[in-house]
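K.L.:
Each protein sequence line maps, in turn, to chains B and G.
Following the numbering used here, the numbering of the first sequence begins with 1 at its first residue and continues without gaps.
Following the numbering used here, the numbering of the second sequence begins with 610 at its first residue and continues without gaps.
Heads up, some of the hints might be wrong.
What the simulated footprint calls covered on chain B by chain G, stretch by stretch (three residues with Cβ under 8 Å from a Cβ of chain G suffice, anywhere in the stretch; the number is not a length) [to be verified]:
| # | segment |
| --- | --- |
| 1 | 86-96 |
| 2 | 149-158 |
Here are some chain G residues the structure puts well away from chain B; computed CB gaps all over 12 Å [unchecked claim]:
| # | residue |
| --- | --- |
| 3 | Gly-636 |
| 4 | Glu-732 |
| 5 | Leu-753 |
A few chain G residues that face chain B, going by a derived Cβ cut-off under 8 Å, partial list only [said to hold, decoys possible]:
| # | residue |
| --- | --- |
| 6 | Gly-630 |
| 7 | Arg-635 |
| 8 | Ile-639 |
| 9 | Arg-671 |
| 10 | His-672 |
| 11 | Lys-675 |
| 12 | Val-677 |
| 13 | Val-679 |
| 14 | Gly-751 |
| 15 | Glu-754 |
| 16 | Arg-757 |
| 17 | Ala-768 |
Simulated from the structure, these hints should not be mistaken for lab results.
Idealized CB from N, CA, C, for every residue including glycine.
Each chain, letter by letter, is given below.
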Amino acid sequence: MSSLPETKRTTKHPLAGTAMNGADMMVQVLADEGVDTVFGYSGGAILPTFDAIFRHNAARPKTEELRLVVPATEQGAGFMAAGYARSSGRVGVFVVTSGPGATNCVTPIRDCHADSIPVVLICGQVPRPAMGTDAFQEAPVFNIMSACCKHVFLVTDESKIEETVRTAFELARSGRPGPVVIDIPRDVQLSQGVFKGHGTLHLRGYDERLEALGRSVIPEETAKAFFQMLGASERPLVYAGGGVINGDAATELRAFAQRFGIPVVTTLLGIGAMDTTNDLSLHMLGMHGTAFANYAVEDCDFLFAVGSRFDDRVAGKVKEFAPGAKIAHLDVDASEIGKVKGVDWAWVGDAKRGLAQLSRAGKSFRRDFSRWQKHVSDLRRAHPLDFNRGSDLVQPEETIAVLNEITRGEAIVTTGVGQHQMWAAQYLDFVKPRSFLTSGSMGTMGFGLPAAIGAQLANPGKLVVDIDGDGSIRMNLGELETLTTYDIPVKVLLLNNYGDGMVRQWQDLFYTSRYSGSDKSLHKKDFVRACEADGFGFSRRVTTRAELRGALEAFVGYEGPAFLEVVVDQSAHVYPMIGPGMGYKDMITGKWIKPRAHKDVVVDPNAGF
Amino acid sequence: MRHIISVLVENEFGVLAKISGLFSGRGFNIESLCVAESPDPTISRITLVTSGDDRVLEQITRHLNKLVNVIRVCDFEDARHVERELVLVKVASTERTRGEVASVASIFRGKIIDVAEGSMVVEVTGDGDKIDAFIDLLRPFGLLEVVRTGIVAMFRGAAVLSPVTRDERPQVAVEPGHEGRVVREGSESDFV
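Bound-form chain B, shown alone (with noise of 0.2 Å):
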């Protein structure tokens, strides 16, 4: 992964050797470690580090400094380190205070551990005298965070303080990347000590795994047992889900596709592996992908998944996913092998090296897939994406379209969790990874905003645009005026269906359309009054087609900071859908995607299942 390297213990560090206090170790260490920005909020146990960054940055130039960001609130900061690791493969870093600080980045530790992000979150602690006392503002951040995140440190020896902060971004990025919290009490900060400028903690156990995943080669055999299944394979088929993404090996994964010539179907969080607009891409499979993908996934006689894991999204029916093939699976974390669906071949390594491996051993591999190709590029043209057309209505998928139109798949988008994350997902292309960020596996509403700050901040000059739903923004509204006070250049598209559109589309197939607490059709918020209020200097509503091109046009291409509400058609649902549960076989295409032939499922929502 890409970040500066730990200051090589052959060169001293400049400051080796220099008193100062265990806050001021921690912000060198950041530095060292290449952090230019902190997502930060401030309070009584953290003070002494908040301290230490403002001396930090009074000491030096302005292009040297560690630029702090205020959100409204440490979940907002959680997202926005979020979205800036996600969107550059560098770990973001967050601080915050002790108690309602610390307990308030649960969410976003536990997120970015379901999807894997790279994130180091500094906690101040209570003194350690006090700690256990039920002290103000003490929270068992230890005890509650070591269930939801990579690791944990608790520092209550200040002779171990900068050695952990490193040992922390190591932990990190590596292997399977992941958050790591470190929970350090204020009188361990405001400990004086002489600060070394080198030194990790020893991990026996982790360092020697990791090696050995950085050492392992797939051997001959192996790699001729994978080629011997794709040789007798007529329909083969790559699953590539946000392995791929956090290991760098989208490179290495188109390489491998066009190579063999096999059609790749991508994840949620694998959406920018493959460049979409790319003839062997077939977006996303499962729950949401799309109508080819899936077809593709029940078609094939071979599935080789690289970095992902099988979630319930993707095989809710584990039985039936991919009833006809046998199964390869590539992954960096063993525990993933065999989790959930049996396979025929399996491989423990990261995906950039596997598939690296893999493709150098099939050099002299023959094998012409050009039938198949035909077949999937027919299953796409005859089962493409597509919504009600005929209405008065502002569509949600129309105004993605239209966006995706504009933005030709070189923007960083970001989304709420929801209808409009489906929809983005589905309706966007995406050339390069890293540049949709969504909340995968935990499915955080509120991400948006929050991660698309984070990302314009490690992606200066680039157009960064978070889709987000009027139920998720809501979430983390207090972020639009984090926008403005730091003029941060990001486009905030919200389609505003007046509800939980998911809860809704659920509420409709599943329990008669009784809208229980999804409604939102009597909230007052004006939106773009609101933005207004925070200093938006584009703030617009579109609520007719015939506006919709002009208006996006106008927005993306605001200089500033832009909001755009498009009052979009409450009763769209997002299809394709697999109910939870079901087969493949079982695929809703709704009104306006044609199914395949033999498979015309009439969705009765009197059938409650």
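Starting from the structure of chain B, add chain G where the hints point.
P.N.:
Below, chain G alone, put in the same frame as chain B:
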């Protein structure tokens, strides 16, 4: 199926919570748990006994292997091993029964470690079945208190669970065709 799992961990606080969390998070009960420092004081050895579906146990073992503070994991299931547990039994006794208790203890190679007016404390070591049998035999005398340490285990022969040499049966799934490494069809269960 009963499994005895031994884990070598960095001797730091919080490790035990994280490990027991892996079991409780899947609704698995830990039947016994034994933790103590190893000869290297920076390393602790945890031995736990649990029962459950083999496939889920394999997942747990792999997850144990992912924990940052875990150095080595082994499941003694199917491996040739020895296991021992120690029990202290405080049993009611009179002058009349004292001799009988002592003879039961000696059959089990136990030791009388305390005698008082009306009670005795007996120590016995063995595998779980032996301990169970011993307790059953003392029951008629009147069990006042029973405390068991939980099981500890070792491989038979030269194989060792050591932080330096790897377990002979690595838990990492790497290649097909190797027993225990590739999970086969038929064992998978649907979500919902």
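K.L.:
Are the hints correct? Go through all of them and say.
P.N.:
Hints, verified against the model:
Counting residues of the segment 86-96 of chain B whose CB lies closer than 8 Å to any CB of chain G gives 0, which falls below the minimum of 3, so the coverage claim is violated. Figure legend: the segment 149-158 of chain B, annotated as covered by chain G; annotation consistent (4 residues with Cβ-Cβ distances under 8 Å, at least 3 required). Distance check on Gly-636 (chain G): its Cβ is at least 15 Å (rounded) from any Cβ of chain B, clearing the 12 Å threshold; non-interface status holds. The claim that Glu-732 (chain G) is not at the interface with chain B holds, since no C-beta of that chain comes within 12 Å of its own (minimum 35 Å).
Once the 12 Å rule is applied to beta carbons, Leu-753 (chain G) is consistent with being away from chain B; the minimum gap is 35 Å. At a threshold of 8 Å, the smallest CB-CB gap from Gly-630 (chain G) to chain B is about 6 Å, leaving the interface hint in force. With 8 Å as the threshold, the beta carbon of Arg-635 (chain G) stays out of range of chain B, its nearest partner Cβ sitting at about 12 Å, so the hint is violated. Against a cut-off of 8 Å between C-beta atoms, the interface hint on Ile-639 (chain G) is violated, since the closest Cβ of chain B lies about 16 Å away.
Below 8 Å, beta-carbon pairs count as interface contacts, and Arg-671 (chain G) has one with chain B at about 4 Å; its hint therefore holds. At a threshold of 8 Å, the smallest CB-CB gap from His-672 (chain G) to chain B is about 5 Å, leaving the interface hint in force. Look at Lys-675 (chain G): its Cβ gets to within about 6 Å of chain B, closer than 8 Å, so that hint holds up. The restraint placing Val-677 (chain G) at the interface with chain B holds, with a minimum CB-CB distance near 4 Å, inside the 8 Å limit.
Interface hint at Val-679 (chain G): satisfied, since its Cβ lies 5 Å from the closest Cβ of chain B, which is below the 8 Å cut-off. The closest approach between the C-beta of Gly-751 (chain G) and any C-beta of chain B is roughly 41 Å, which is over the 8 Å cut-off, so the hint fails. A least Cβ separation of about 31 Å between Glu-754 (chain G) and chain B goes past the 8 Å threshold, and the interface hint is therefore violated. At its closest, the beta carbon of Arg-757 (chain G) sits 28 Å from a beta carbon of chain B; the interface hint therefore is violated under the 8 Å criterion.
For Ala-768 (chain G), the interface hint is violated, the least distance from its beta-carbon to any beta-carbon of chain B being 19 Å, above 8 Å.
Against the hints set out earlier in the document, violations occur for numbers 1, 7, 8, 14, 15, 16, 17.
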